[in-house]
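Can you build the whole structure from these sequences, using the hints too?
Per UniProt numbering, the sequence shown starts with residue 1, numbered consecutively.
If you're looking for bench data, these hints aren't it; they were derived computationally from the structure.
Each hint should be verified, as a subset may be incorrect.
Calculated cross-link-like contacts (lysine-lysine; reagent style DSS-like; alpha-carbon spacing at most 25 Å) [unchecked claim]:
id : residue 1 : residue 2
1  : K249      : K331
2  : K231      : K285
3  : K204      : K331
4  : K204      : K231
5  : K188      : K208
6  : K112      : K35
7  : K249      : K208
8  : K231      : K249
9  : K112      : K231
10 : K285      : K246
11 : K188      : K249
12 : K246      : K204
13 : K321      : K204
14 : K285      : K188
15 : K35       : K188
16 : K188      : K321
17 : K331      : K208
18 : K231      : K188
19 : K331      : K321
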Amino acid sequence: MSRRLLVTGGAGFIGSNFVHHVVEHTDDHVTVLDKLTYAGNRASLAGLPEDRVRFVQGDIADAPLVDELFAQTDAVVHYAAESHNDNSLHDPRPFLDTNIVGTYTLLEAARKHDVRFHHISTDEVYGDLELDDPERFTENTPYNPSSPYSSTKAGSDLLVRAWVRSFGVQATLSNCSNNYGPYQHVEKFIPRQITNVIRGIRPKLYGKGENVRDWIHADDHSSAVLTILDKGVIGETYLIGADGEKNNKDVVELILTLMGQPADAYDHVTDRAGHDLRYAIDSTKLRTELGWMPRFEDFEAGLASTIDWYRENEAWWAPAKDGVEAFYAAKGQ
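Now the structure itself:
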């Protein structure tokens, strides 16, 4: 039996990948609510069947609109967020408006309409680990956010937990490691480097490139979220990861190698303020309790597939590319 899903931020990177995944793997009908800020792109939903996917442009902090949509919905997957660390350091206010006030608005609607709610979060709420730390983040790791972005995501997580406990909202949460794959905005690390090489621009690496991220393909994130929506225990948090730890230097060099360039054909630029050292996810709970497994366990294969997508879809990313590079050039990055 098909559900009526509302996906907030469904024209963004991870949200649009989820919508594609739902259409491919279920009979569910999807309504996408997206504000279409710079990170949202209607083209990311191109080609999806109109009888299965409806698009609504709007703000998750718009309570009357949210109320109207929740009244027509069986379950909500909440991706919408301001999510770029550099932008949060430049202007934190939009992160408060969307990540805190927007999530509160959705939770109140979920409470009113008794709608199943799944909240998407990030491993960045846990802060960072030392490069040689044998530990990884688990569901019990204390929160220690280090940027306006991660602190507002941490705040939104705590709101969800409070609404579950105080008001009985039927919600689950997931914190995921760094995603890569199709439809990711060219301001982000991997697509920025791929599109630089395509354009004949040398890739840029913050500092020494020793910072470690735990990479997961967006399609694997989508399958994990769908698993949690179907099988997750209300009130529980699940960490999503694919054991993909790589430092930024290795990722840049692998991109260059896969694209037929010398591995050292990149430039070092000034490091970002408060740049977290290492993220690492332990997804044992998700795998053992809900039976989920990633499909892209080989990072190199997933990266090669992503490179192919950007090569084949320049019309999708080209309109934003010049503005992004001008922004970073002004900062010496």
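Hint-by-hint comparison with the structure:
A threshold of 25 Å between alpha carbons decides the hint, and for K249 with K331 the separation of about 21 Å falls inside it, so the pair holds. Only pairs whose Cα atoms come within 25 Å are accepted, and K231 paired with K285 is accepted, the gap being roughly 13 Å. Taking the CA atoms of K204 and K331, the gap is about 12 Å. The hint holds against a cut of 25 Å. Taken as a hint, the K204 and K231 pair is broken in the structure, with Cα atoms around 41 Å apart against an allowance of 25 Å.
Note on K188 and K208: the hinted pairing holds, with a Cα-Cα distance of about 18 Å set against a maximum of 25 Å. Taking the CA atoms of K112 and K35, the gap is near 23 Å; set against the 25 Å cutoff, the hint holds. Pair hint K249 plus K208 holds up; C-alpha atoms about 7 Å apart against a cutoff of 25 Å. For a cut-off of 25 Å, the pair hint linking K231 to K249 is broken: about 38 Å separates their Cα positions.
With a CA separation close to 23 Å, the supplied pair K112 and K231 stays within the 25 Å bound. Our distance criterion of 25 Å between C-alpha atoms is met by K285 and K246, whose separation comes to about 22 Å. For the suggested pair K188 and K249, the alpha carbons sit about 15 Å apart, so the restraint of at most 25 Å is met. Proximity of K246 to K204 is assessed by CA-CA distance (about 16 Å); at most 25 Å being required, the pair is judged to hold.
Straight-line distance between C-alpha atoms of K321 and K204 comes to about 14 Å, which keeps the hinted pair within the 25 Å bound. A C-alpha spacing of about 29 Å is found between K285 and K188, which places the hinted pair above 25 Å, so the restraint is violated. Between K35 and K188, the direct Cα distance comes to roughly 19 Å. Compliance with the 25 Å bound is thereby established for this hinted pair. This hinted pair checks out: K188 and K321 have alpha carbons roughly 11 Å apart, not beyond 25 Å.
Restraint check: the Cα-Cα separation between K331 and K208 comes to about 18 Å, which is no more than 25 Å; the hinted pair holds. This hinted pair does not check out: K231 and K188 have alpha carbons roughly 32 Å apart, beyond 25 Å. A hinted pair counts as satisfied when its Cα atoms are at most 25 Å apart, and K331 with K321 qualifies at roughly 16 Å.
Of the hints listed earlier, those the structure fails to meet are numbers 4, 8, 14, 18, in rising order.
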